[in-house]
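Given only the sequences and the hints, what does the whole structure look like? Please build it.
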Amino acid sequence: GEDVEQSLFLSVREGDSSVINCTYTDSSSTYLYWYKQEPGAGLQLLTYIFSNMDMKQDQRLTVLLNKKDKHLSLRIADTQTGDSAIYFCAEMRGGDMRFGAGTRLTVKP
Amino acid sequence: SQTIHQWPATLVQPVGSPLSLECTVEGTSNPNLYWYRQAAGRGLQLLFYSVGIGQISSEVPQNLSASRPQDRQFILSSKKLLLSDSGFYLCAWSGGTGGSYEQYFGPGTRLTVT
Chain A
1 GEDVEQSLFL SVREGDSSVI NCTYTDSSST YLYWYKQEPG AGLQLLTYIF SNMDMKQDQR
61 LTVLLNKKDK HLSLRIADTQ TGDSAIYFCA EMRGGDMRFG AGTRLTVKP
Chain E
1 SQTIHQWPAT LVQPVGSPLS LECTVEGTSN PNLYWYRQAA GRGLQLLFYS VGIGQISSEV
61 PQNLSASRPQ DRQFILSSKK LLLSDSGFYL CAWSGGTGGS YEQYFGPGTR LTVT
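Chains as they are written, first to last, in the working numbering: chain A, 1 to 109; chain E, 1 to 114.
It should be emphasised that the hints constitute simulated quantities derived from the structure, not laboratory data.
The reader is advised that the hints may include incorrect statements.
Pair ranges (Cβ atoms, derived) [as the list claims (entries may be wrong)]:
#1 A/26 <-> E/16: 36 to 42 Å
#2 A/15 <-> E/42: 29 to 35 Å
#3 E/20 <-> A/71: 39 to 45 Å
#4 E/3 <-> A/28: 28 to 34 Å
Output of the computed footprint for chain A on chain E, the stretches with three or more beta carbons under 8 Å from beta carbons of chain A [what the hints assert, rightly or not]:
#5 42 to 56
#6 100 to 114
Each residue gets a CB set at the ideal place from its N, CA and C atoms; glycine is no exception.
Below you can see the structure in the form of structure tokens.
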């Protein structure tokens, strides 16, 4: 497809793990990114992964990359209410950064 | 460290009025600069990007324009706003030395056209 695709909504309980999935478009994309947007704010870069990596871990965040399926996921361990936000997946494709529509994560106490 | 500023934070303008949104970056030189629009509940739409002073590329034809009068200043303008111009406008910069091309975003401007 032409678009970076993400599920629009995800709801989890506080303390559980969250997994946000993304399908990107171009197997030759060099970098893939995860951004977080809190209400009324700009996008905050959470992490990125180079396409020759399968996994990247940074504290509670784990990024998994499946190049064959063009699938990217973001796992948040021990999800907290402060993690409630919209999470955007993005790919660097041909010099342009292309964003998904965002996944709204709701964390219930 | 680098910071990016946008103003105003919120703006309410009538249809047909002009628009000027400003974005400035500190702590870096010769950044790539971007304007995005985010409609309510939707993803980001790239409007303009600039690789240098006076160099503007438009991604979507519309009644908006952009200018880059200085290296670290990016301005989004319109001569006559439409209702459909309402949205959340985000400025971003890139150009880190690591080659990972990540973009860093400003706090955004919420524009409501009435």
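Okay, the hints, checked on the actual structure:
1. A/26 <-> E/16: 36 to 42 Å: holds, 41 Å
2. A/15 <-> E/42: 29 to 35 Å: Holds: the Cβ-Cβ distance is about 31 Å, inside 29 to 35 Å.
3. E/20 <-> A/71: 39 to 45 Å: Distance hint for residue 20 of chain E, residue 71 of chain A holds at roughly 42 Å.
4. E/3 <-> A/28: 28 to 34 Å: With Cβ atoms ~33 Å apart, the hint holds.
5. 42 to 56: Holds, because 4 residues of the stretch 42 to 56 of chain E bring their Cβ atoms closer than 8 Å to Cβ atoms of chain A.
6. 100 to 114: It holds: at least three residues are needed, and the stretch 100 to 114 of chain E offers 10 whose Cβ sits within less than 8 Å of chain A.
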